[in-house]
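There are 4 protein chains.
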Amino acid sequence: MIHVGIVGATGYTGVELCRLLQQHPEVSGFTLYSMQYAGKSFSEVYPQFINKIDTILEQFNPDAVSADIDVLFLAIPHASSHVYLDKLSAFKDLKIIDLSADFRLDSAADFERYYGVKHQNPDLLGTIAYGIPELYYDDIQGSDIVSNPGCYATSVILGLQPLVKAGLIQGPYIVDAKSGVSGAGRKAKESSLYCEISESFSAYATGKHRHRAEIDMAVGEPVFFSPHLVPMSRGILSSIYVQKKEGVSVKDLKDCLNKAYENKPFVNLMDDSITPDTKYVSGTNNCMLSIRAEDNNNTVVIFSAIDNLIKGAAGQAIQNMNIMCNFEETTGLGHIAMYV
Amino acid sequence: MIHVGIVGATGYTGVELCRLLQQHPEVSGFTLYSMQYAGKSFSEVYPQFINKIDTILEQFNPDAVSADIDVLFLAIPHASSHVYLDKLSAFKDLKIIDLSADFRLDSAADFERYYGVKHQNPDLLGTIAYGIPELYYDDIQGSDIVSNPGCYATSVILGLQPLVKAGLIQGPYIVDAKSGVSGAGRKAKESSLYCEISESFSAYATGKHRHRAEIDMAVGEPVFFSPHLVPMSRGILSSIYVQKKEGVSVKDLKDCLNKAYENKPFVNLMDDSITPDTKYVSGTNNCMLSIRAEDNNNTVVIFSAIDNLIKGAAGQAIQNMNIMCNFEETTGLGHIAMYV
Amino acid sequence: MIHVGIVGATGYTGVELCRLLQQHPEVSGFTLYSMQYAGKSFSEVYPQFINKIDTILEQFNPDAVSADIDVLFLAIPHASSHVYLDKLSAFKDLKIIDLSADFRLDSAADFERYYGVKHQNPDLLGTIAYGIPELYYDDIQGSDIVSNPGCYATSVILGLQPLVKAGLIQGPYIVDAKSGVSGAGRKAKESSLYCEISESFSAYATGKHRHRAEIDMAVGEPVFFSPHLVPMSRGILSSIYVQKKEGVSVKDLKDCLNKAYENKPFVNLMDDSITPDTKYVSGTNNCMLSIRAEDNNNTVVIFSAIDNLIKGAAGQAIQNMNIMCNFEETTGLGHIAMYV
Amino acid sequence: MIHVGIVGATGYTGVELCRLLQQHPEVSGFTLYSMQYAGKSFSEVYPQFINKIDTILEQFNPDAVSADIDVLFLAIPHASSHVYLDKLSAFKDLKIIDLSADFRLDSAADFERYYGVKHQNPDLLGTIAYGIPELYYDDIQGSDIVSNPGCYATSVILGLQPLVKAGLIQGPYIVDAKSGVSGAGRKAKESSLYCEISESFSAYATGKHRHRAEIDMAVGEPVFFSPHLVPMSRGILSSIYVQKKEGVSVKDLKDCLNKAYENKPFVNLMDDSITPDTKYVSGTNNCMLSIRAEDNNNTVVIFSAIDNLIKGAAGQAIQNMNIMCNFEETTGLGHIAMYV
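Sequences listed follow chains A, B, C and D, in order.
Letter by letter, the first sequence follows residues 1 to 340 of the working numbering.
Letter by letter, the second sequence follows residues 1 to 340 of the working numbering.
Letter by letter, the third sequence follows residues 1 to 340 of the working numbering.
Letter by letter, the fourth sequence follows residues 1 to 340 of the working numbering.
Next up, chain A with everything else stripped away, as it sits in the complex (with noise of 0.2 Å):
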């Protein structure tokens, strides 16, 4: 059994981790840290953990992590951890995964290119896994620190790595991505409005995401990369353009992501008879794939639907956290989405 810290608790990730951590059967206690609410509870907050997560709420400080925490998630906003990860790199024993952007890069100029902030640690960069699981699970395993990829590139990378490596298509790589909300967090913005969201649709940040970094250093080709802002809370499906490269079949595609992810409780091409939607992934560590083309032309999409939230941010953590403690990789992830 466990005990977990959590910085940044309050947040949309935060509190995800604190719901299924609180169900996780190696997990004992809960540290939980948050700016804007030390000293209150957490349930005083969030009512729904009324007798379930009850811990007063404490401000973090890097210098001073208790002896109790083993394993300490980072849910903050990125340009945060860059600047004291090597303090906390220094505690014994203590394991580490940080869902900021800050360790994701491998070069300090890019980071400083995406994030507009200078690198603290640069140092570190390179030397830290990327935890995408089904991509880099023995880099994890043997990991004190992990960085928890961004929600939109873990769509992507999962979508697009295996085809791209084996050498079955070609550019241009297009992706049209589109997310719930949540992705933008909980701070308070005239642009996360109820209001301003609810029926419309938006493109934003079109060829300049920061994402984009992750899914080009992972991918190793450069992607054009669309985002999009959809009227829900979760989830996220990118529709990923490709051309098949000659000679190639949609079937070999189809069988390239069938074997890439052949283990992979998680992640899963799906029938052509189904529905590509972030319904089916809502609420859980699934990521579906789907392949679908026409006769007499090259372009292919590939469709990956995540939810945002859980393989994109919390379940992804714990999925790496399981991975990092030698649990059962799937242990306290085995959720079904909701259908209503």
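Calculated from the structure, these hints are not laboratory results.
Do not take every clue at face value.
Same chains, same label: a pair holds when it works inside one copy or across any pair of copies.
Unchecked claim - Using 30 Å as the maximum straight-line C-alpha spacing, the simulated DSS-like pairs for lysine-lysine come out as follows:
| no. | residue 1 | residue 2 |
| --- | --- | --- |
| 1 | Lys254 | Lys40 |
| 2 | Lys40 | Lys95 |
| 3 | Lys208 | Lys40 |
| 4 | Lys259 | Lys208 |
| 5 | Lys259 | Lys52 |
| 6 | Lys251 | Lys52 |
| 7 | Lys40 | Lys264 |
| 8 | Lys40 | Lys251 |
| 9 | Lys165 | Lys245 |
| 10 | Lys95 | Lys187 |
| 11 | Lys40 | Lys189 |
| 12 | Lys52 | Lys254 |
| 13 | Lys208 | Lys251 |
| 14 | Lys259 | Lys40 |
Only a predicted model underlies this, so the values are computations on that prediction, with no experimental measurement involved.
Model the placement of chains B, C and D on the given structure of chain A, informed by the hints.
Leaving out everything else, chains B, C and D in the frame of chain A:
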């Protein structure tokens, strides 16, 4: 370990039963019935169950219930089970939880008045436990058949019955209830279309809704029942307006409810600091009660929030099953609401 | 033709005033004020106005209102105009419609109790017309300043005042009101975020909402006022529960309302066949009233549906403008609700 | 002044035609047809039309069109008008706007392939104007019959045709289109229920959607067409991915679109500062185009936003009517989008 059968497995309540029971530690297998989809596998209809419940759907025949089945759930519309429940009750060792309305009322006349159909098994009426465990535990524990209450009725009775029984309040009893759309089921009809519901709020069946009969029966007082439709999928909030009797304080009312639900894990009276909100019970078997009053005014409102598909249907049915089978009452029902 | 000024043009009520007035046949020009966006063009902030209203937004100065302006709308939060309305009223020939709450109540003490601020122009209180034209037409017609009522208050007073005045009903008066989220304005705050509102229904400010003071003043009876938040952008449905007096029939109540609104184009009592639904008034200046009762029960409910941003704010303000300027009362306000 | 007839007046497109035409200054009367509701008054079915359009709905008979009618709108499903359009075209002085798909394509073979029905009036195919006024104004002006385009097709053709014609771009042409649910019409079917749509985003009919045939015909290049369903009622955003030809700049593309729509009041290329969003065109006949590109990448995306029920159906039909009747093209179509 038990094997469960579900008649009407592909309706919204049926699929919710499947989801919850698939993760119930005492359930080992499923026999699923569906008129509309018999012959298909359950996961073909609901792809999120792939590799979890792939059972082939069957036509239900009340004369030939499989001997495998220990507990049979009837997740069917009203005016169905009254025709054949006597046949089912003849199967030895079969426990039955009827989620239809057919055996909720004591009187065949009331059934005919509210449901427009002559009851075919009037002798059984009044012999079957009404399945609100917090109020009728002993009846349920000794029963082989339980009638699962209506969703609105559950929310109202939990908030109102103890106060009426204690003699603390008087009429007029006015219930302004609000429900998400899943209460209307999965039937294709114009009035449940997305474009009809979204961005609109309406009142319907004022003074005529069928659940009113259950409320009057359980509360013992005539209630003015006024339901409304909310543009959301799940959740009921009932706002129950009553008059304090002379000399009764709000604290007396709170004490009464706190005492009534002292050892009841699913029903709680909330502190005044917590907003009555369906969000906190969504996806759970919980009922959150709140009381608000004004100085110098005898009117008091009791708010009662439940998830109509769980505490109002599938969850309460499983709670009844747990009691009937001598499992811990809360088994498989410890969910925490997703915040987003 | 008139030139209008709008203080607070970029709030939700302000933008709705702009939209409606841009198509008003008597309006020839706009001067728009915005604290947040002064210096930008209006169509930069709201691109749907490109080539329609491209005016540059200005800072408002109550000491120097442009002489161009014939009618000035104050679409600002409460506790703003009470500081400077005396200055504005000194401008000759300027007509003012104040959509803030500052001059709605008669009493400085009530203002301070409900809004927590000492009123700076108490002498003006009680001298300014309360702008519900169906009830206070004569006051409005002679006025240079009108105080535009609250959205909830408009819906409740229209349904309740004629029945109370006619002596047909008695208490307890219970108002269970439901509003879309735009009532909270465009201010960035956590509680108005899409993810907080979607798929949830809540009660708030029970017995404490500020509009209650307006209702009590206009109705003359103490009302138990219980507002709720609906996951939609626009619309209010108020369910007003009252008791018929001895010997009064439902027909008497209907006759009373029909007579009260006989020549009032925007307010109509609907036939029993028509569902009380915000959908039918959304985007319009209409108020739809309905009455429902049960046999053998003295409780009667009056449903009142309006669009909170139109009849509850911008539309009623324009209706007041039309009356103050001797235009036809319905000018520019003949919209039909979009069904979808 | 003209009298209009609408076949299919109670579908979503029909009711939108009624709403817009009721406020059209050149329309003096209505004859409305509905299979489902014949015999009822229109305002009984849609109460927001009370006192505005109370006409009794009739059964349509193509052999006996009332001589009162100057312009007849066919707001009916596909595979309806192809059976009888020849009869209608025989009525003297009757102008017809067919909103079904039956006369959009040039070829009977294509019609049969995409719609699964043998065309009954193949001789008329190719003789009827395709009603996108910005591109085919002259054809429309001289016509008595116009075929109103598909909603998706309108959005895509407006964004793509001028660039293809100018020879500035090349394939692969990839259209990732997103639509609100009203595109599926008012038919009661499971897949359009509120609970199926809310909080989910899906892809459907990839590479097989019928509007693809219109696009290919009008654009002259094979397009990979991939539609998606958004949890909202109205609006289409099409994201059209193309490749710049060697030596072509993004400015060249912008210049081309600006020139194509120079004097076209409803179609505008937006500045880069403005987010492509269906919100800005909702409730209007406008089409907002945007272009985004990345340095060092030949891929360019053209975003095209329309309201599927207006520019994609009823509004464009009225625009065609205006042209056919020699009214000002913009008459009755000057709406500004509601922001909330």
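Tell me, which hint numbers fail for this structure? The structure breaks none of the hints.
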